[in-house]
Structure formats: structure tokens, C-alpha cells
Amino acid sequence: TQLLEQSPQFLSIQEGENLTVYCNSSSVFSSLQWYRQEPGEGPVLLVTVVTGGEVKKLKRLTFQFGDARKDSSLHITAAQPGDTGLYLCAGPPISGSARQLTFGSGTQLTVLP
Amino acid sequence: DTGVSQNPRHKITKRGQNVTFRCDPISEHNRLYWYRQTLGQGPEFLTYFQNEAQLEKSRLLSDRFSAERPKGSFSTLEIQRTEQGDSAMYLCASSLLQNSYNEQFFGPGTRLTVL
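Residue numbers (the working numbering), protein chains in the order written: chain A, 1 to 113; chain B, 114 to 228.
Take the hints with a grain of salt, since some may be wrong.
Taking CB as the label site, the calculated pair distances span [as the list claims (entries may be wrong)]:
hint	chain 1	residue 1	chain 2	residue 2	range
1	A	16	B	191	31 to 37 Å
2	B	153	A	62	24 to 30 Å
3	A	15	B	196	17 to 23 Å
4	A	10	B	122	23 to 29 Å
5	B	168	A	50	21 to 27 Å
No lab work stands behind these hints: they were computed from the structure.
Note that the Cβ used here is the ideal one computed from N, Cα and C, for glycine as well.
Taking the hints into account, I'd like the entire structure generated from these sequences.
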């Protein structure tokens with residue numbers, strides 16, 4: 001059983017559309033990070049959310065941390081082909097080691113031109 | 114380029130052979146991590162160093178796996194007597210001890226294929 005469940009697993013959309021991907025857990029996280037990974041490369045950190053209810057914006061990307069710090073969402077406005085990649089959420093669960101990141105299995109996003 | 118580097122990028126080996134991977138972290142980062150990632154999954158934690166000390170190891174790290182960071186700079190991950198199930202992407206990441214949220218910076222990975 002994954003500690004962090006991401007949905008959907010796959011998403012294919014047309015350029016210009018909006019989308020939201022989700023990261024859910026039954027455990028509380030002290031913070032959650034979002035990464036994007038392209039084929040054959042390592043994950044690249046996009047943002048860290050730390051406070052329950054927090055919303056962070058990074059250009060067309062909006063990240064939200066749930067009030068109870070058990071879930072997070074990533075919303076992309078007017079998606080572009082350059083947004084294509086594997087989106088991963090990760091964090092240290094409060095009940096576990098603060099030094100280990102637990103990753104979800106990711107959402108594979110494809111934006112078609 | 115001052116990011117995390119890993120060598121080799123790709124390794125193909127026969128079952129039973131030993132392999133060694135190298136990771137060079139961002140120079141001022143004192144924390145170093147190894148992860149394994151299989152197709153369609155997120156990275157799974159293997160082990161963690163703070164400077165030269167190996168402080169945590171996952172139960173995924175069988176006795177065929179050993180990692181070192183002898184001078185607190187670069188690290189090596191060795192897999193002995195490789196098995197087909199070891200085929201995966203091996204990722205290295207580093208971070209600063211002072212970073213409260215343990216934000217990690219990843220290298221490009223080493224793709225291992227065991228035939």
C-alpha cells in the first residue's frame with residue numbers, strides 16, 4: 001500500500017486545457033514537496049508546501065496543501081507541451097523519519113500540441 | 114554545472130556481476146541520499162548519509178548492497194551478485210542539513226539493466 005496515493009495515474013490533454021492532479025494520504029505530513037521528472041532524468045523540485053491550507057503559485061501552476069496536511073493538489077492553467085512529465089509528490093510523514101522522503105507513484109501528464 | 118552528477122548514466126551487466134555507481138553531490142550539501150526507481154513508480158528510499166556517516170538504511174537495502182561516503186563528499190553504491198530484479202534507475206540526491214524541509218536535489222540517475 002502506497003503511503004501517498006496520486007491520481008490520476010495518467011492524464012493526456014490538449015494544449016491550453018486546465019488540469020488538476022491529486023496527492024492523498026491517511027497520514028499527516030510535516031511538509032509536502034512536488035517534483036517533475038522527465039524521461040531519463042532525475043526529479044526536479046517545483047515547490048514545498050508546509051502549512052495546512054497553504055496555497056503557492058508558480059506561474060501557471062497552483063499548489064495547495066490540505067488543512068489537515070494529509071493531501072495536496074496541483075492545478076495547471078493553460079497547459080503547454082513543456083509541462084509534459086511525471087509529477088511526483090513527496091514528503092516526510094510525521095510518524096516516520098524526517099530525513100526520508102516518501103514518494104507517491106506519480107501522475108504521468110502528456111500535453112498534446 | 115554545480116548540480117548533482119552521477120556516473121555512469123547507463124550500465125548493462127550480466128546477472129551475478131558486481132556493479133558500482135558514483136554520485137557527486139552539490140559541493141556544500143552535507144546530506145546525501147540514494148533512491149531506487151522502477152518503471153511507473155516513484156523513487157524508493159535506500160540509504161542516507163550525513164557527511165561521512167551512514168545514518169539510515171531501508172530494509173530494501175539487502176546485504177548485496179553497500180554504500181559509502183568516505184570523505185563526506187562523493188558517494189558510491191555497490192551491488193554485488195546482481196539479479197534481474199535489481200534492474201532500475203538508481204538516483205542520488207543531496208540537501209543541506211540546515212534545510213528544515215529536507216528539500217532534495219536529484220542527479221540524473223544511473224539506469225541499471227541486468228541481463
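Evaluation of the provided hints:
no.: 1; hint: 16(A) to 191(B): 31 to 37 Å; in the structure: violated, 48 Å
no.: 2; hint: 153(B) to 62(A): 24 to 30 Å; in the structure: holds, 26 Å
no.: 3; hint: 15(A) to 196(B): 17 to 23 Å; in the structure: violated, 43 Å
no.: 4; hint: 10(A) to 122(B): 23 to 29 Å; in the structure: holds, 26 Å
no.: 5; hint: 168(B) to 50(A): 21 to 27 Å; in the structure: holds, 23 Å
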